[in-house]
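Asker: Residue strings, one per chain:
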Amino acid sequence: MSIPEQAYKMLEAVVGPDNISQDPTMLDVYSFSFMAELQRKGTGTKFVPVSPGAAILPSNTEEVQGILSVCNRFGLKSKCHSTGFGPWNAVSWDDVVIIDLRRMNRILEIDEKNMYVVVEPYVTWAQLQADTMKLGLVAATPGVGCQTSALANCTSGFGMGPYNNSMGFHERSVMGVEWVLPDGSVLRLGSLGSGNGWFCGDGPGPSLRGVLRGEYGSLGGLGVVTRVAIRLFDWPGPAEMPISGPFPYMRLTEDALDAMKLFLITFKDRHQRNEATRLIGEAEICYQMYAWGHGFLISSVHELSHLIPRKEGDKRPSQDPVIAMTLASHSRAELAYQEKVLMAILEKTGGTLSNYVEIPGVKACIFRYLTRPDYLFTAMCRFASGFWITLFDVIGTPNSLTEIEDAAIGSLESWEGRNILPGCADSYCQPMYGGCHVGYLDHSGGIYDVCEAASIDSFRNMVMEVNRPLIEKNLIRPTIASNEANQRAGKLMSNFHIWQKKVKAAFDPNSVSDGGYYIEVDDE
Amino acid sequence: MSLENFEKNALRCLRCSNCKWVPGAHVKSWRFAQICPSIFRYNFHAYSGGGRVITAASLLLGRTELTDEVVEVIYKCQLCGGCDIACRPSMGGFVEPLDVIRELRIKAVSEGFLLPEHMMVIEGLKNEDNMMQEKKADRGNWAEGLEVKDLSREKAEVVLHAGCRASFDPDLRGVIRGAVALLSAAGVDFGIMGKDEACCGGRAYGMGYTGEFTKYAEHNVEAWKKAGVGKVVMVCSDGFGALQNLYPKVIGDMGIEVVHISQYVSELVREGRLVFKKAVPLKVTYHDPCNLGRLGEAYMPWSGEEKRLPGPIIEFDPPKPERYGVGGVYDAPREILNAIPGVELVEMERIREHSWCCGAGGGVIDAFPDFALSTAQERVAEARGTGARAIATSCPWCVRTLRDAVKADGDALPVYDVIELCVKAL
Amino acid sequence: MSIKEELSGIFDGDRIVDDSGILSGAMRNDSFVGGGMPACVVRPKGMEEVQGLIRWANDKRMPLTPVSSGVPHVRGGSTPLFGGVCVDLSGMDRVLMVDREYRVAMVEPGVTFYELRPELEKAGLKLPMPLSPRGTKSVLGSVMEREPITIPKYHVDMSAPLLCAEVVFGTGDLFRTGEASGPGNIEEQREAKRKQVWDSGPGQISFSRILQGAQGSMGIVTWITVRCEVLPTVQEFLFIPARDVSELTDFVYRILRRKLGDECFMLNGFDVASFLGEGEGIRSLSDELPGWLLVLGISGYEFYPEERVLYQKEAIVEAARQFGLAPKAAVPGMDAFRFLKGVEGPTEPYWKRGYKGSYCDIFFLTTMDRVGGFIHRMQDICNERRYDVRELGIYIQPINQGRSCHCEFRLSYDADNLKEAERVKGLFDAASEAMMKAGGFFSRPYGNWAGMAYNRDAASREAVRKLKGIFDPNDIMNPGKLC
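Chains as they are written, first to last, in my numbering: chain A, 1 to 524; chain B, 1 to 426; chain C, 1 to 483.
With the rest of the complex left out, here is chain A (with noise of 0.2 Å):
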């Protein structure tokens, strides 16, 4: 697989011969990705099909111009690539150019006043937090891991984490956008464009933030996001993390929670939970929360593992369902308030603390899982026999996503034994946007050995089977985020995937962008 000899001069032009390679096997690097083996036409492994053309590492706005001029004259596709950590990140047709942003790392400005912080698409949550935290601000970082790329989950991807719940979607936290569409144009957002600033992602007029992400970002598949501007939240806590020692003997030094106090609540059901995070999310006194099955969360530490409580003869950690939240002020009286009312909420809803909390190795570790969260999602591979999935990824609010739980469980149940481990954290609740106004399920819905076919073919066999149901009773929609995926749940929701086609075919008539996790106009 190649392109053309003169596409690649000239895009070797552009970035120089060290920041473009086509060896095979380089390129062959970029084929692998997260989730790749459950797709149906793939290889079984998390190898995709295809390969890239080309692997190009531009270090600024004008290069991916370049690029993508280049790209549009000699009809290549190309998909913008950050840390890459999500099912989207490969490219979907052979000989797409991957354009990997590595190079364009910077963190431009903090405004400290105005509370915002303007990155370039290689800038990971933890540098943005470790910058920003000097001056008592924080962005809302994901679940996922601060090792990704902060423009990549707000502009172009998905996520959200434990501080969604004070701070919002992430897709809330865009300010203005430099965003070089797929025809090498350039498009500012909002208050950029008219030359005022960041401080603005909307209008003139319309929103393009609009045209930008809905739920999902375009996942490479119109243009490159260049440099976005982040909503900074105050950061009450210490200027730097408060943590001492390696994983998985972390400690949190001893001023961490000056000005924080960390709860972990259990629930005897998940109804009991979703009242308590309905009213913690009315009284406004939470700052960061996550919901999880017990075990899970302090299944990352080492010397505690003897602790997790187990089901009897199971494997698993403990299904209880669960809360680790924070409160937090620069106020005492303020902190003391807001503990009063989660008492009293506790003692309404039938909530109860959990001492585990205060084991200095469970302590440290939730502090670090709710404010950068690093090993959060990822550990639960080293758990999960190297991996695990989700299910359902739904937002709504916290009861109808209990309803849809309560749907699932018996047929999820039924696919235990058969090479997979359905139900593995029970329901993942991430109480989001603003209060707790809702709520995101992704329910731990199996691990899955990567490594064997039966496996694999079960866990995808499961993901169909118990959505089928929920999807026809309208509990959850259909999976998005994909061509394919987009034209068979578009007929189901308002025929978006018509109008997503238009809008791809107005901005990238010449389809440079790959639309594999996005849309293609031509493709039914």
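Just so you know, these hints were derived from the structure itself, not from any lab.
Treat the hints with caution; some may be incorrect.
Stated by the list, open to error - Output of the computed footprint for chain A on chain B, the stretches with three or more beta carbons under 8 Å from beta carbons of chain A: (1) 26-37; (2) 45-56; (3) 67-79; (4) 82-90; (5) 323-331; (6) 392-402.
Said to hold, decoys possible - Once the Cα atoms are required to be at most 16 Å apart in a straight line, the calculated EDC-like pairs of lysine to aspartate or glutamate come out as: (7) Lys307/B x Glu452/A; (8) Lys259/C x Glu282/A; (9) Lys195/B x Asp138/B; (10) Lys473/A x Glu191/C; (11) Lys8/B x Glu452/A; (12) Lys193/C x Glu472/A; (13) Lys113/A x Asp369/C; (14) Lys466/C x Asp183/A; (15) Lys340/A x Glu302/C; (16) Lys491/A x Asp173/C; (17) Lys473/A x Glu188/C; (18) Lys193/C x Glu275/A; (19) Lys126/C x Glu275/A; (20) Lys473/A x Glu187/C.
What the hints assert, rightly or not - So these bits of chain A aren't anywhere near chain B, every CB distance computed over 10 Å: (21) Arg332; (22) Asp406; (23) Ser414.
Here a beta-carbon is modelled for each residue, glycine too, at the ideal position from N, C-alpha and C.
Fit chains B and C to the known structure of chain A by using the hints.
Answerer: Positioned in the frame of chain A, the structure of chains B and C alone reads:
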């Protein structure tokens, strides 16, 4: 073991990018957040730990083949272990990038993909028992004028192993001669092998030449036992790492205790056998050598299998050792520095398990000196950021590359081995 | 066949109006936006009629100008530029759902804030509102135009409080945004306990964001859901007077960063006086009042409401002290009760009209640290154009939780005094241009602002035109607006 044994490891890579970064909770700034020197410089994903794991998968599945370009990617890596440490909290023993990269090199060598620069070094090793392409006969010259037992003729409890770099690099004479001075001052019964000292073989292993490595491992253990040695004191961290982790793989229990000079000196100070009388007023920052720190943990053998529990949960039986770098040597050098009157220790951001590599390891200094230099320059930049007036470390290879970096920067920031500072304080 | 006759196939006769007074009213606005007299006004009752109308309009290439709020209109967004048919949606005035548990309400276009408010209060909810909107102001119209609300902490996004929407695009296609898109129709979704609260998408486009700020040029929205908040059980207000707004802005940054307080906005003395008096009385009152007033509300909810108010008040007072400010429960010369009633709305006459009967606003977005510069520039222009700056109303509303602010200048005039109107129009145009040149971001570009705004941002103009080409290819929806 062969690369084929790691096929499942390779397929289990999550593609999460953790391997490129200092673990999130320890990132203190945007500037010093990265842990992998290779992708830091070369940027393509193949240059990351995970990228090389995926490369292994690609080769094993027959999707692509080794080429000169791929081999270069495989060798543009110091084997610093940063990716391994960053991966393990997620994947435990399921991926193990460092082992995969080592096996890739062994495969490359076995299939004849030999870097010319490494060939020359290995040729020198074969002919002259050292990795410096110097004459074996000159190896003991550093000890000229010193009164120290020659273990080719005498016996002692302790052998002080100078290592190839310190033996032949005139700029580092102060380090090895300083080590002698310290042990002598402490009244230790020790000797050296002098010109009969042979390379530990560790760097040869890192380059993929396992046969050569095994040869030297066996030779050295035999030589030490013949000299009646019960303890090997390594001046070189690279060598320390080799003896800690690689020798037991091929030799099993050597029956000889292995310590690094920093551990030994620290112990001597604690026992009161070494006393620092003079002040050395200096603000220093300490660089943790990879092979002393995160790769300096004692060998944890594992011979077991994957067991499938009900459902697809896999456990290793017996459980795989958890190698998070925790058992490395971090405190001893710091204890020494803190014991020297006048020394003020300030820390860089990337320290201990998350230390940034000096750039020398894995055959990089031989085949890609510019890469070694730029890696070291990054470390020196980090050191400057602490306000320290000197860098201290515990490995001649680190001293070499960091000094070269300072010089290339046009700077005059001193780089000391901890031993040199001890000598100043005697 | 006349237009009225053609439309009689879609609407009952009495809902097609061609009375000249009504038509003139549809044209009239206070912001000097001209246009073409419509042929008629139609008053649909439901989505099916809206859809039928749009399909008919496509066939006929007939301009449609939707409007949700009642007269008098202000900004000119609903003034038809090319005649055609005015679509008066005020008759679609049902509150379709109020749900306490999910804190959501669904409203049709004709529901005003003051009609919705009591319905929400019955359920223990409130909708964060703009500053005392006029009595005929449509909730949907306001929300779809991204009007700022007075509680910055609830302004979680520029789109807030919009959740989902049902729209008939300019093509005649029916669409629902967010989770309302499906699966299932609304009733089926409700049976599955889904209440149209998740606003993103569907898919990888945020359709609701494209509809907001579009001045009805992409389609006609037939209902929206809005995110509501818990109705306070206890509420107090504090006032901080100042001579200059610059004395207040750093303090406002501090409290918004810490999410202290609820209502938070700044008015100059003239705007404050406009809530307290009428006619010339406003002017004399204004002379007695402080130059500026920061208004802060503090609320308590279900759990320990008084304690919440107390600790917040203490924290605010402490923070104010650090900036040399002194929050008060009352300000000399100001009837606080009357003022707060006015802020709550509705006011009669509408507070902005109380001085001279008509007004026009110049508003744009900026950051609070730049507000002072805009104020000085505006005052300079007023002086140049001989508009008495003591009659200039200024309203600063922090938005996006304090990351930017809505900066609004109000020019009052007597519409019957043609000379004055002409002068104010000249000032309006000149000041608008000056504010834009000084860096004001006209995110909601009504009338002439559209041309100016898009001239500064040609790339956005092209992008918006592309969207227009998708959602209204025949350019029947409010043509000529925007770009």
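Asker: Hint by hint, note whether the structure agrees.
Answerer: So, going through the hints one by one against the coordinates:
no.: 1; hint: 26-37; result: holds (count 6)
no.: 2; hint: 45-56; result: holds (count 5)
no.: 3; hint: 67-79; result: holds (count 4)
no.: 4; hint: 82-90; result: holds (count 4)
no.: 5; hint: 323-331; result: holds (count 3)
no.: 6; hint: 392-402; result: violated (count 0)
no.: 7; hint: Lys307/B x Glu452/A; result: holds, 14 Å
no.: 8; hint: Lys259/C x Glu282/A; result: holds, 14 Å
no.: 9; hint: Lys195/B x Asp138/B; result: holds, 6 Å
no.: 10; hint: Lys473/A x Glu191/C; result: holds, 9 Å
no.: 11; hint: Lys8/B x Glu452/A; result: holds, 10 Å
no.: 12; hint: Lys193/C x Glu472/A; result: holds, 14 Å
no.: 13; hint: Lys113/A x Asp369/C; result: holds, 8 Å
no.: 14; hint: Lys466/C x Asp183/A; result: holds, 14 Å
no.: 15; hint: Lys340/A x Glu302/C; result: holds, 13 Å
no.: 16; hint: Lys491/A x Asp173/C; result: holds, 14 Å
no.: 17; hint: Lys473/A x Glu188/C; result: holds, 8 Å
no.: 18; hint: Lys193/C x Glu275/A; result: holds, 15 Å
no.: 19; hint: Lys126/C x Glu275/A; result: violated, 20 Å
no.: 20; hint: Lys473/A x Glu187/C; result: holds, 12 Å
no.: 21; hint: Arg332; result: holds, 26 Å
no.: 22; hint: Asp406; result: holds, 23 Å
no.: 23; hint: Ser414; result: holds, 13 Å
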